[in-house]
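In order, the protein sequences belong to chains A and B.
Basically this note's numbering = 1-based index in the first sequence + 725.
Basically this note's numbering = 1-based index in the second sequence + 2.
The hints are simulated quantities; they were obtained by calculation from the structure and are not laboratory data.
C-beta: ideal position from N, C-alpha, C; glycine also.
Just so you know, not all the hints are guaranteed correct.
Calculated from the model, a selection of chain B residues having no Cβ within reach of chain A, i.e. all distances over 10 Å [unchecked claim]:
no.: 1; residue: Gln71
no.: 2; residue: Asn82
no.: 3; residue: Pro97
no.: 4; residue: Arg122
no.: 5; residue: Thr136
no.: 6; residue: Gly154
no.: 7; residue: Gly227
no.: 8; residue: Leu232
Derived contacts from chain A toward chain B, CB cut-off under 8 Å, selection only [what the hints assert, rightly or not]:
no.: 9; residue: Asp743
no.: 10; residue: Val747
no.: 11; residue: Arg749
no.: 12; residue: Asp763
no.: 13; residue: Cys765
no.: 14; residue: Ser830
no.: 15; residue: Glu833
no.: 16; residue: Phe848
no.: 17; residue: Ile850
no.: 18; residue: Val851
no.: 19; residue: Ala853
no.: 20; residue: Tyr854
no.: 21; residue: Pro859
no.: 22; residue: Gly876
Take a look, some chain A residues computed to stay more than 10 Å from chain B by CB distance [claimed, not checked]:
no.: 23; residue: Arg766
no.: 24; residue: Ala789
no.: 25; residue: Gly877
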Amino acid sequence: MTTRGIALLAVLAAAAPDTVTVKREGARVMKGPRFFGDACRVEVRPGQQLRLVERRGGWARLAAPGDGKCWLHESAWSDRTAGELVGDPAAASQRDIELAGRGFSEAEEASYRSRHPGLARDFAIVDAYLAGAPETPSPELSAFCAEGALGGAR
Amino acid sequence: MIRARSLAATAAAVALASCGSLRNVPFVGAAGDYAQQKGVESALKVGENVVTAAATGELTKTATFSMEQEFWLGKTVAANVVGRLGGRALPPDHPAARYLRDVGTVVALAAAEQRTPQDRPYPMKGYRFIVVDTAQVNAVGMPGGFVAVTTGMLRSVRSEDELAAVVAHEVAHVQRGHVMFPVEKAREQEHMTSTLLAGTDEVVHAFFGKVVTVGADFVLDKGYGKANELEADAFAARILQGAGFDPQALGRVLGRLEGKAAEGGFFSRHPPAADRAAALGPRAPAGAAAAEARRAARFESRMRMLGGA
Numbered sequence: 726m727t728t729r730g731i732a733l734l735a736v737l738a739a740a741a742p743d744t745v746t747v748k749r750e751g752a753r754v755m756k757g758p759r760f761f762g763d764a765c766r767v768e769v770r771p772g773q774q775l776r777l778v779e780r781r782g783g784w785a786r787l788a789a790p791g792d793g794k795c796w797l798h799e800s801a802w803s804d805r806t807a808g809e810l811v812g813d814p815a816a817a818s819q820r821d822i823e824l825a826g827r828g829f830s831e832a833e834e835a836s837y838r839s840r841h842p843g844l845a846r847d848f849a850i851v852d853a854y855l856a857g858a859p860e861t862p863s864p865e866l867s868a869f870c871a872e873g874a875l876g877g878a879r
Numbered sequence: 003m004i005r006a007r008s009l010a011a012t013a014a015a016v017a018l019a020s021c022g023s024l025r026n027v028p029f030v031g032a033a034g035d036y037a038q039q040k041g042v043e044s045a046l047k048v049g050e051n052v053v054t055a056a057a058t059g060e061l062t063k064t065a066t067f068s069m070e071q072e073f074w075l076g077k078t079v080a081a082n083v084v085g086r087l088g089g090r091a092l093p094p095d096h097p098a099a100r101y102l103r104d105v106g107t108v109v110a111l112a113a114a115e116q117r118t119p120q121d122r123p124y125p126m127k128g129y130r131f132i133v134v135d136t137a138q139v140n141a142v143g144m145p146g147g148f149v150a151v152t153t154g155m156l157r158s159v160r161s162e163d164e165l166a167a168v169v170a171h172e173v174a175h176v177q178r179g180h181v182m183f184p185v186e187k188a189r190e191q192e193h194m195t196s197t198l199l200a201g202t203d204e205v206v207h208a209f210f211g212k213v214v215t216v217g218a219d220f221v222l223d224k225g226y227g228k229a230n231e232l233e234a235d236a237f238a239a240r241i242l243q244g245a246g247f248d249p250q251a252l253g254r255v256l257g258r259l260e261g262k263a264a265e266g267g268f269f270s271r272h273p274p275a276a277d278r279a280a281a282l283g284p285r286a287p288a289g290a291a292a293a294e295a296r297r298a299a300r301f302e303s304r305m306r307m308l309g310g311a
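Make the full structure from the sequences, and use the hints.
In structure tokens form, the structure reads like this:
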């Protein structure tokens, strides 16, 4: 294969459509492949399927939302499969996979709380931070970085 | 084959319910109680699991966890850690808490930009930076992206860069998966019994409770071992450099506060400063002093809102 052919294949591979599913809350959609910079005025939600049109490092440019101008980091969709096994996955049975994830769920937390009423105040603190202290939103973060010469704002 | 398997299952269940020596093994004694309480049908189910697990060699497996599972575990560990640190926290909208959140977010994103395939994925709900109100000088990274920093620590660091350094070290533990090592170990140790006793909710509850206890013990008291601490130092230095903080800030705060080790907490879990100098990375680039001074000034203004000594 010629050098030009290899280059063409590389371009096609880079441009190949690819679909991912958003796994986490609060994922930042940026105007460039960096966390520190301007954010797109769009949101993505857990469970939303996104078509990627370009990958660069750990980032991908989205077909939508954002009309092909917005970027999402792989941390928005990467995850471990529930019950994924270390060692030899080929040897894992369905039962093993089911068992691996047992006991780490919202229902189990509720059960734990009911059996440890003395921790009610401590859980309330954690709940308050979950509800009221998500990571700093991008516009505020940009101002914070600019003021402190952080994140490339130097 | 089915009949033979059922017979074997029955035998295993009876053995579980009646073996006195096994009753002293964690969870197995509970299985005997369970078998007695729930009757033969449930016992057969337990016994069937014994046979199946033994036949398929499942007893040696360990498992990893999805980020959702890590979140639910981490949240309960966080509640335990908050409780063990005294059970008081600044409200999330306190200026000092908002400041920690801002610094922590910069650190977490700089860490994510340097993610490797071996790292844990980003926390499902993002990071939460909790200010626990206690004089103890401590900072704790937990599963699920929960990071607790005490007011004692906030009063001990002298600049935004030092605060970022402490947070970066904890974020490094979270992203590198160190915070899940004790959980994985607990799962490994208990996998046999949990497999044996699949289907019994009481065992699942007991296992979850044990993992929470083990997890809180590790993050608060035991630490992750010298190699992982040094790895977290080295990664923290790269995080700081990537974000624009002084990579040497961690070395400064560790060296200055090393004497706090005797009081427990953050410094008691870590190797001596002399052992970690090599891991702490390059010096800040020339010209960075002015920027650090600006950050130090806003640090001073936010810490004044903390009040107290």
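Tested hints:
Some Cβ of chain A comes within 10 Å of the Cβ of B/Gln71; the nearest lies about 4 Å off, and the non-interface call is violated. The claim that B/Asn82 lies off the interface is violated: its Cβ sits roughly 7 Å from the closest Cβ of chain A, which falls inside the 10 Å cut-off. Even its closest Cβ contact with chain A, about 12 Å, leaves B/Pro97 beyond 10 Å, as expected for a residue assigned away from the interface. With a closest Cβ-Cβ approach of about 8 Å to chain A, B/Arg122 is found to fall inside the 10 Å limit, against its non-interface label.
Separation of B/Thr136 from chain A is adequate, the least Cβ-Cβ distance of about 12 Å exceeding the 10 Å criterion. The claim that B/Gly154 lies off the interface holds: its Cβ sits roughly 17 Å from the closest Cβ of chain A, which is beyond the 10 Å cut-off. Listed as outside the interface, B/Gly227 is consistent with that label: its C-beta sits roughly 19 Å from the nearest C-beta of chain A, beyond the 10 Å cut-off. No beta-carbon of chain A is positioned within 10 Å of the beta-carbon of B/Leu232; the least distance is around 24 Å.
Violation of the interface hint for A/Asp743 is found here, the shortest Cβ-Cβ separation to chain B being roughly 17 Å, above the 8 Å cut-off. For the restraint placing A/Val747 at the interface with chain B, the shortest Cβ-Cβ distance is roughly 11 Å, beyond the 8 Å limit, so the hint is violated. The criterion of a C-beta within 8 Å of any C-beta in chain B is met by A/Arg749, whose closest approach is roughly 5 Å, and the hint holds. This hint is violated: A/Asp763 has a C-beta 14 Å from the nearest C-beta of chain B, more than the 8 Å allowed.
Annotation: A/Cys765 was flagged as interfacial toward chain B, and the flag is violated, the nearest CB pair being 16 Å apart, outside 8 Å. Annotation: interface hint on A/Ser830 holds; nearest CB of chain B at approximately 6 Å, less than 8 Å. Residue-level restraint check for A/Glu833 holds (minimum Cβ-Cβ distance to chain B is 5 Å; threshold 8 Å). The interface hint given for A/Phe848 is met, as the beta carbon of that residue sits about 4 Å from the closest beta carbon of chain B, less than 8 Å.
This hint holds: A/Ile850 has a C-beta 5 Å from the nearest C-beta of chain B, less than the 8 Å allowed. About 5 Å separates the beta-carbon of A/Val851 from the nearest beta-carbon of chain B, less than 8 Å, and the hint is met. Hint status for A/Ala853 relative to chain B: holds, with the closest Cβ pair at about 6 Å, below 8 Å. Taken as an interface hint, A/Tyr854 checks out: its beta carbon lies about 5 Å from the nearest beta carbon of chain B, inside 8 Å.
A distance limit of 8 Å between C-beta atoms decides the matter here; for A/Pro859 the minimum to chain B is near 6 Å, and the interface restraint holds. Interface restraint check for A/Gly876: the shortest CB-CB distance to chain B comes to about 6 Å, inside 8 Å, so the restraint holds. Against the 10 Å criterion, A/Arg766 stays outside the reach of chain B, whose nearest CB is about 19 Å from its own CB. Against chain B, the non-interface label of A/Ala789 holds: every CB pair exceeds 10 Å, the least being about 22 Å.
Distance check on A/Gly877: its Cβ comes as close as 7 Å (rounded) to a Cβ of chain B, failing to clear the 10 Å threshold; non-interface status is violated.
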